[in-house]
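> Residues per chain, in single letters:
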Amino acid sequence: MKRFYILLGAVAAVAAILIWRSSQPGTAGGLSSAGAPPVAFTAADSAFRGYVLGSDTAPVEVIEYADFECPYCGQFGVVQFPEIRQQLIATGRLRWRFRDFPLPNHQWSRLASHTVACADEQGKVWEAIDVVFARSSAWAQMARNPSGLFRDLMRGIGLDMGRHDACMDSQRYAGRIELSRLEGLSRNVGGTPTFFANGVELDTRRFSNSDAFTALVDSLTAGRR
Amino acid sequence: MRHRQAIALLALAGLSIALYLWLHKIGVIGDLRCGTGDCEYVQTSAYGALFGVPVAFYGVVGYALILAVALAGLQPAFLGRRWPTRLLAALAVGGFLFTLYLTYIELFVLHAICRWCVGSAVVITAITIVAGSAVRRES
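Top to bottom, those sequences are chains V and X.
The numbers in my numbering rise by one with no breaks, and the one at position 71 of the first sequence is 61.
Going from the second sequence to my numbering is simple: count from 1 and add 115.
To be clear, the hints were calculated from the coordinates, so they are not data collected in a lab.
You may find that some hints are simply not true.
To be verified - When the alpha-carbon atoms are kept at most 25 Å apart in a straight line, the in silico SDA-like pairs for lysine to any residue are as follows: (1) Lys114/V / Val69/V; (2) Lys140/X / Ala6/V; (3) Lys114/V / Gly82/V; (4) Lys114/V / Ala192/X; (5) Lys(-8)/V / Leu194/X; (6) Lys140/X / Phe172/X; (7) Lys114/V / Glu191/V; (8) Lys140/X / Asn95/V; (9) Lys114/V / Ser160/X; (10) Lys(-8)/V / Leu186/X; (11) Lys140/X / Asp46/V; (12) Lys140/X / Leu212/X; (13) Lys(-8)/V / Tyr41/V; (14) Lys114/V / Ala6/V; (15) Lys140/X / Tyr41/V.
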């Protein structure tokens, strides 16, 4: 019986040590928050004009400035955008341009933006945007770094995780994310989401659903006839 | 006596896994060491909590109960009694059914596997088998 209690104590001690070690900072093996803006930008950062979905010949282009941690952006991305994509973008009537606008009060926005940028490298940016928005309620309020969840999500959309991890470690898209934000600021973007249609800022309160975008595209297309 | 010792050791292993997942869920531990699994995805899904309580916490309580009953059953006053074994079997079956439900959610709803959850499933299955065979022997 004594040997049993010694064994039980040893198992408890090993488990306690493993759990304690896991709770220490720096042992998690996760990525950094990618939260700090870079000090220098590359030519590629400056040349990047956002993620584009839709035909080059579409008569209307909407630019969306969005923050992945913003609940309104998430709601729009999950509920309204699929309809817009199906009814307007897929039919060649509208082209969508997505620009990062990470808000300073959102802890994980830049990390989410960088995750999406790395998915773009493997040709899966829209799948990445969809899942990051769809699961934003899970990661946005996390006290800890949500890079593990992002990694699971990216694996779920079929990314090569070796390439993805290398991309995230390099933080090579931090510059273009910051430039995207600066571009938004230069256009007086004050919150998210903010939309511009053919260069004109839209009243976000009116453009919170797909019907409003359909009416907008109808009116702009009619004006060109 | 041997089966209660085995169950106590298994319950301690299960308790460690559940405690690890629960501490992660409440933010004490950073990234889960999950290897090739989808632990974060499973943990942060809508099925990561039941009635507002993290699923892992049910595991902590369940394994702690099994451990306590197994240790109590090893005390001289209870060694000859049948009730600790029966209670252990009842607790194990409850935990096993709960694990079946969670595994179904992982495989057919989330389409994602958390290897720590698989570890816990193996532990509770082993406890159920040991407790079940012990009940049969004592009957």
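> For each hint, tell me whether it holds in the structure or not.
Evaluated hints:
no.: 1; hint: Lys114/V / Val69/V; in the structure: holds (20 Å)
no.: 2; hint: Lys140/X / Ala6/V; in the structure: holds (17 Å)
no.: 3; hint: Lys114/V / Gly82/V; in the structure: holds (20 Å)
no.: 4; hint: Lys114/V / Ala192/X; in the structure: violated (65 Å)
no.: 5; hint: Lys(-8)/V / Leu194/X; in the structure: holds (15 Å)
no.: 6; hint: Lys140/X / Phe172/X; in the structure: holds (9 Å)
no.: 7; hint: Lys114/V / Glu191/V; in the structure: violated (28 Å)
no.: 8; hint: Lys140/X / Asn95/V; in the structure: holds (23 Å)
no.: 9; hint: Lys114/V / Ser160/X; in the structure: holds (22 Å)
no.: 10; hint: Lys(-8)/V / Leu186/X; in the structure: holds (13 Å)
no.: 11; hint: Lys140/X / Asp46/V; in the structure: violated (45 Å)
no.: 12; hint: Lys140/X / Leu212/X; in the structure: holds (22 Å)
no.: 13; hint: Lys(-8)/V / Tyr41/V; in the structure: violated (66 Å)
no.: 14; hint: Lys114/V / Ala6/V; in the structure: violated (41 Å)
no.: 15; hint: Lys140/X / Tyr41/V; in the structure: violated (34 Å)
Of the hints listed earlier, those the structure fails to meet are numbers 4, 7, 11, 13, 14 and 15, in rising order.
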